[in-house]
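Kindly generate the complete structure, drawing on both the sequences and the hints.
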Amino acid sequence: MINDKIKSLLNPAQRQSFVISVTAFFSTLLLLVLGSILALVIYRGTAYFWPEPIYSVAFVSQQDNRATVVYAQIYSEFEEDGKQVRWLRYSHEDNPFGTQILLDEKDTLSVIESANGANITLNDGLSVMGVPVRINGSASAAFSEQHYEVMRKKVDEIDASITDIRTRWLSEIHQKLAELDQLNVARDAPAREKLNDAFHQWQSRIIAMENERDNFSIEVAMADGAVVPIALARIQDIVFPGQLSFVGKIAVTFTKIGQFLSQSPKQANTAGGVFPALFGTVLMVFLMTIIVTPFGVLAAVYLSEYAPNTLLTGVIRVSVANMAGVPSIVYGVFGLGFFVYTMGGNIDALFFSDSLPAPTLGTPGLFWASLTMAMLTLPVVIVATEEGLRQVPTGLRAGSYALGATKAETIIYTVLPIASPGIMTGVILAIARAAGEVAPLMIVGAVKFAPNLPFDGEFPYLHLDRQFMHLGVLIYDGAFHSQTDAKGASMMFATCLLLLLVVLVLNVLAVLLRARLRKRYLTN
Amino acid sequence: MLKLFEHETLNVHNLSDEETAIRVEDLSLSFGQKQVLQNISLSIPKHRITAFIGQSGCGKSTLISSFNRMNELAPDCRYSGKVFINGRDINSRKENLSQLRAQVGMVFQKPNPFPMSIYDNVSYGLKLQGIRVRRFLDDAVEQALKDAALWSEVKDRLFESAHVLSGGQQQRLVIARALALKPDILLLDEPTSALDPLTTLFIEELMAGLKKRCSIIIVTHNMQQAARVSDYTAFLHQGKLIEYTDSDTLFTMPEYKQTEDYITGRYG
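Chains V and W, in that order, give the protein sequences. Sequence positions in the first sequence follow my numbering and run 1 to 524. Sequence positions in the second sequence follow my numbering and run 1 to 268.
To be clear, the hints were calculated from the coordinates, so they are not data collected in a lab. Glycine included, each C-beta is placed from N, C-alpha and C at the ideal position. Wrong hints could be hidden among the right ones.
[As the list claims (entries may be wrong)] Here are some chain V residues pointing at chain W (derived, C-beta under 7 Å):
#1 142
#2 145
#3 396
#4 399
#5 405
#6 408
#7 418
#8 517
#9 521
Written out as structure tokens, the structure is:
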């Protein structure tokens with residue numbers, strides 16, 4: 001009926017352009033959605049790095065009806081119930097590390113951009129807004145950037161010598177004391193006394209140096225003139241957004257991106273960097289690829305080259321294709337139940353029985369997570385490889401057989417190289433899927449915060465049994481637990497952006513590799 | 001047309017064992033329900049070029065494929081009868097398939113070089129036989145390419161991909177690949193049907209030169225080609241061997257009406 005109506009309304013040329021318009025409309029809609037996702041993530045994500053201006057805001061406090069003046073950063077301005085509202089975070093003498101407030105326009109007295117206000121970020125992720133006025137140390141003087149650098153250097157030197165004493169002397173003494181403990185040496189044995197003396201000597205030196213270090217501090221003036229002292233050793237960096245040129249702001253942004261990529265999360269994943277999560281994600285995907293590729297390729301070779309063309313083979317093929325549609329959490333549960341508890345538990349009982357009941361491998365960890373993800377992406381690799389194998393021309397197989405090659409030789413020397421672009425396609429899809437998956441990881445090894453990286457200088461260097469951090473899990477954690485802090489929310493967007501970039505980079509690498517293989521094995 | 005200067009014409013129906021490259025005894029072959037070859041018996045002489053002609057689907061390709069057991073690749077292939085090469089029953093269980101296929105080289109209709117370098121293409125068969133000595137491989141590759149009249153064109157780019165070669169060069173490369181294994185018999189399955197006339201001529205000249213090294217069997221649709229290059233010609237029709245004799249006789253005085261109809265183009 002609609003068909004007839006359209007026919008009566010439009011001539012054939014119009015009908016064609018109508019169809020084109022309708023299909024083009026939906027393509028555009030899709031592009032728009034993709035574009036807005038990207039735009040949002042990029043806009044909110046980059047805001048985490050961009051130095052925002054600091055304002056001097058005067059307002060009437062709701063609690064005691066007194067006028068207060070503070071240094072603040074404005075997160076957003078919006079209208080609520082017909083009232084203009086500002087959402088800001090400010091530093092005050094009572095709470096120098098920042099409080100958030102929703103401020104009504106009617107309570108606001110003034111909002112002035114502060115030229116010399118600084119955003120001081122501390123090593124533990126906290127930050128203070130204020131004006132550094134004095135710098136105390138070997139001598140007390142007015143704050144200047146040159147002076148700050150000089151003092152900073154001194155503090156770093158003291159820090160370095162403390163670390164030096166700790167690693168060079170104290171750790172050795174600790175180890176020797178532990179050995180004595182194990183040998184049940186008497187409390188008052190001369191060897192122990194000697195060690196104890198040495199220990200106390202070094203310890204008191206460290207305390208002295210720490211005191212000396214803590215003498216270095218800067219005084220930060222709040223907007224109302226109150227002064228808050230901050231130890232120099234706690235400070236990571238001082239940024240004056242009001243004094244920065246555009247180029248200077250870009251430089252600060254790049255420094256912050258560098259810190260974001262190289263530091264650990266701080267303040268319960270609301271500040272700092274994401275290095276452990278980035279490392280964990282890439283390592284997990286890498287291990288998964290190493291596991292899934294041989295399994296997937298060999299299974300596909302059997303299915304498409306050797307398996308007899310029977311109903312059973314057909315059923316297996318359909319099941320493999322359907323495995324790709326199984327919800328990922330199901331794989332997670334399987335990984336926990338089978339890999340972690342059954343396999344890991346049995347390995348523990350067999351090989352690590354002396355450390356039981358503390359589990360060694362019978363606990364969620366990197367290896368089990370990689371194995372679970374490999375299982376999850378296996379069907380993708382199998383299906384793509386089978387497709388690649390089907391595309392190998394029969395003429396080439398015949399040519400190989402005609403030269404005396406057996407079936408296995410033909411597959412190894414001719415068929416698999418030609419199918420390698422198809423295999424790479426499967427691996428690309430597997431990587432894309434694995435890098436973005438979160439749900440199964442949370443039950444087989446990814447955690448919100450891992451104290452150690454799965455890779456370090458301690459034998460055996462790669463610790464597959466350790467739990468690890470993952471960008472996706474970090475985003476999940478941030479999205480649910482850090483919404484009260486706008487800074488934390490924008491960190492989650494920055495993490496999203498990074499996750500997108502990681503997937504993009506992994507994909508581009510795989511696509512380049514595939515293009516190379518294609519060029520090499522292009523058949524007419 | 002006078003081949004008398006080159007060698008005497010043999011009677012293919014009465015060859016001695018020394019003169020026989022392949023002897024086929026009562027060979028029937030079917031794929032599934034489809035009977036492709038029916039009770040074929042013939043002897044193919046050594047160091048001669050024998051052509052198989054016939055319509056599409058008459059079974060000529062299947063017949064030469066049974067000389068190196070390529071038909072086995074189809075899972076539903078059934079056969080009866082025997083094929084002897086050098087007096088050996090090639091379908092016996094003792095037969096080493098790899099060695100048989102090295103001994104009986106095959107070239108297909110469409111050039112099918114492997115997606116690797118020219119050198120690797122030619123040395124493919126030798127490497128499969130476990131030969132890894134570099135110097136030996138180098139010599140064998142050079143000799144095979146010279147035998148296939150390709151050496152002068154590719155000697156400077158042996159390690160480039162075989163796909164940069166032209167169609168005719170690719171087909172000669174495929175011939176060189178088979179020749180590297182020093183085969184006794186070379187099967188050519190419509191080797192020039194995908195090539196232009198000039199290249200075809202080149203390959204035909206090559207075949208005449210190769211006669212000294214091996215017995216050549218060629219399947220062709222092109223009657224002129226069969227007449228030009230072959231010493232003996234067999235005409236097949238619907239899976240049956242109709243006529244088999246020296247080419248001069250077959251193309252000038254065919255014994256059977258079907259043969260005459262085919263070579264004069266009344267059908268096919």
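Checked hints:
no.: 1; hint: 142; in the structure: violated, 73 Å
no.: 2; hint: 145; in the structure: violated, 62 Å
no.: 3; hint: 396; in the structure: holds, 5 Å
no.: 4; hint: 399; in the structure: holds, 4 Å
no.: 5; hint: 405; in the structure: holds, 5 Å
no.: 6; hint: 408; in the structure: violated, 11 Å
no.: 7; hint: 418; in the structure: holds, 6 Å
no.: 8; hint: 517; in the structure: violated, 10 Å
no.: 9; hint: 521; in the structure: holds, 4 Å
In terms of the numbered hints stated before, the structure departs from hints 1, 2, 6 and 8, listed from lowest to highest.
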